Amino acid sequence: MPETAMVDAPAKAATGGNILQVRNLEAWYGESHILHGIDFDVNAGEVVTLLGRNGAGKTTTLKSIMGIIGKRAGSIKFNNQDIIRATSDKIARMGIAFCPEERGIFSSLDVRENLLLPPVVRPGGLPLEQIFDLFPNLKERLNSQGTKLSGGEQQMLAIARILRTGARFLMLDEPTEGLAPVIIQQIGHTIARLKKEGFTILLVEQNFRFASTVADRYYVVEHGKIIDGFSNAELAANMDKLHTYLGV
Amino acid sequence: MQALYAQLLVGLINGSFYALLSLGLAVIFGMLNIINFAHGALYMMGAFVAYFLLNLGGINYWWALLFAPIIVGIFGMILERTMLKFLTGLDHLYGLLLTFGIALIVQGVFQNYFGSSGLPYSIPDQLKGGMNLGFMFLPIYRGWVVIFSLVVCLATWFLIEKTRLGANLRAATENPTLVRAFGINVPRMITLTYGLGVGLAALAGVLSAPINQVRPLMGADLIIVVFAVVVIGGMGSIMGSIITGFALGVIEGLTKYFYPEASNTVVFVLMVLVLLVKPTGLTGRAA
Ligand SMILES: Nc1ncnc2c1ncn2[C@@H]1O[C@H](COP(=O)(O)OP(=O)(O)OP(=O)(O)O)[C@@H](O)[C@H]1O
Ligand SMILES: [Mg+2]
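Residue numbers (the UniProt record's numbering), protein chains in the order written: chain A, 1 to 248; chain B, 1 to 287.
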């Protein structure tokens with residue numbers, strides 16, 4: 001573990017202004033203190049990836065931004081508005097969409113209902129045809145029960161349903177977890193295309209080989225803190241360090 | 001034969017009330033995770049509101065069918081906002097105790113002012129009289145109650161199982177946190193769901209006023225059987241609670257004809273049998 005917990009902000013990618021600014025974010029599950037002061041930024045149009053070992057606090061960071069952790073402290077600014085005290089439905093309506101690690105497909109809803117569940121929060125979402133263009137499998141399974149889909153299809157559905165809403169800031173928690181290489185590739189293409197469409201994406205990944213195909217910048221989370229950060233161009237130079245951080 | 005049909009009709013009428021009440025209980029349980037012991041008291045309030053509307057405001061039965069569920073529903077939503085909502089995440093026992101307490105208070109207040117005897121509420125003119133069906137004489141009001149209840153039950157089923165709003169509700173039953181994180185105001189939805197369940201109970205109360213009179217304890221007597229119905233049908237399913245409600249009403253009616261001594265206990269005997277075979281109820285999912 002490196003000596004310094006605070007890290008210099010890595011070089012900003014050549015993209016738009018700051019969309020998300022997280023400062024000294026702390027979070028608790030009941031009595032257990034999980035995040036101990038997380039600092040990072042996401043700029044408009046970027047794909048930023050949080051890397052880190054199991055239990056490092058990546059998911060907790062996304063959940064804190066989404067407002068679904070009971071106790072949080074510090075500051076989270078989204079488009080310059082502090083959202084640390086906002087409820088999760090308000091945060092969603094400001095244009096943040098979340099695709100959870102466990103996917104969260106509803107078993108009492110069919111695929112169509114799952115897809116249409118998140119309400120449109122602002123104009124600018126992808127039309128359904130474009131979503132089916134990205135995920136042709138879903139179109140054929142519209143009337144199936146949500147949880148009868150394969151793992152890969154469920155992941156596609158979980159991503160697809162947040163593209164309709166008009167949220168332009170997406171948080172994807174380990175979208176490739178447990179999926180076959182072809183499907184991982186398809187999800188990679190999708191993320192690249194979303195980036196081209198102007199979406200800003202905060203990605204959590206353990207698989208940095210996958211992440212390196214889509215990410216502009218990386219932050220490394222360990223024990224509830226950001227311990228390092230670098231851009232995709234600096235990835236090769238940081239490989240050794242990364243192996244140590246991630247224990248791979 | 002005439003007597004058999006008459007008992008069948010009584011069974012269907014009771015089944016209508018069972019279905020409306022257990023449907024509301026199922027909807028409330030799904031969303032709030034609360035076993036609403038106040039349901040019988042709210043049913044009684046529905047009947048009393050109809051009585052007040054008529055005798056104090058000159059507002060007739062038809063308008064009472066609309067207004068009583070709304071008024072009692074609003075009362076329910078106030079209960080949810082001021083008390084029930086603080087029970088989120090706690091053991092079922094707390095909800096059960098709180099709603100049982102609410103039921104006792106509400107019934108106590110009404111008993112204090114109205115005693116235990118029934119107040120009359122007459123059948124609306126349009127539904128007076130009867131019809132000879134050839135094989136039996138059908139009092140029109142009773143036929144109306146059965147058909148109207150069935151329509152309301154099916155409409156509720158349609159709302160929950162086939163509409164966008166219902167999809168939100170089903171999703172929030174499964175994972176309220178995620179549904180809220182999509183931008184849906186789940187706390188408001190919970191309040192409205194409680195209002196809907198309570199409204200169905202109040203509607204049943206209005207429907208029963210001309211048949212059973214308006215009494216402070218009318219709900220307390222009924223709700224025990226309804227809970228048995230719910231246990232038999234399982235809390236998990238909307239259609240399950242509708243079908244079980246009507247079916248048990250009919251079974252009770254048939255028992256009254258074939259073996260009257262058992263008519264008051266048959267539902268409870270069935271409950272025990274179902275619990276032995278399938279502890280989650282016929283349509284229920286494991287908790
Ligand atoms: N609901 C919870 N209640 C209590 N502790 C929790 C809860 N969820 C997570 N934790 C703890 O918080 C810490 C961080 O968990 P988190 O899920 O954020 O890790 P992660 O970086 O996403 O890991 P993974 O890569 O395995 O998904 C872990 O030590 C975990 O045990
Ligand atoms: Mg995680």
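For the record, the hints were derived by calculation from the structure and aren't laboratory data.
Being a predicted model, the structure only gives us computed values, none of them experimental.
Ideal Cβ positions, reconstructed from N, Cα and C, are used throughout, including at glycine.
Hints may contain errors.
Claimed, not checked - Okay, the calculated beta carbon distance ranges per label pair:
1) 74(B) <-> 28(A): 22 to 32 Å
2) 89(B) <-> 79(A): 28 to 38 Å
3) 187(B) <-> 107(A): 43 to 53 Å
4) 128(A) <-> 126(B): 43 to 53 Å
5) 130(A) <-> 86(B): 42 to 52 Å
A quick look at each hint next to the structure:
no.	hint	verdict
1	74(B) <-> 28(A): 22 to 32 Å	38 Å, violated
2	89(B) <-> 79(A): 28 to 38 Å	32 Å, holds
3	187(B) <-> 107(A): 43 to 53 Å	23 Å, violated
4	128(A) <-> 126(B): 43 to 53 Å	48 Å, holds
5	130(A) <-> 86(B): 42 to 52 Å	44 Å, holds
Hints 1 and 3 from the earlier list are contradicted by this structure; the remaining hints agree with it.
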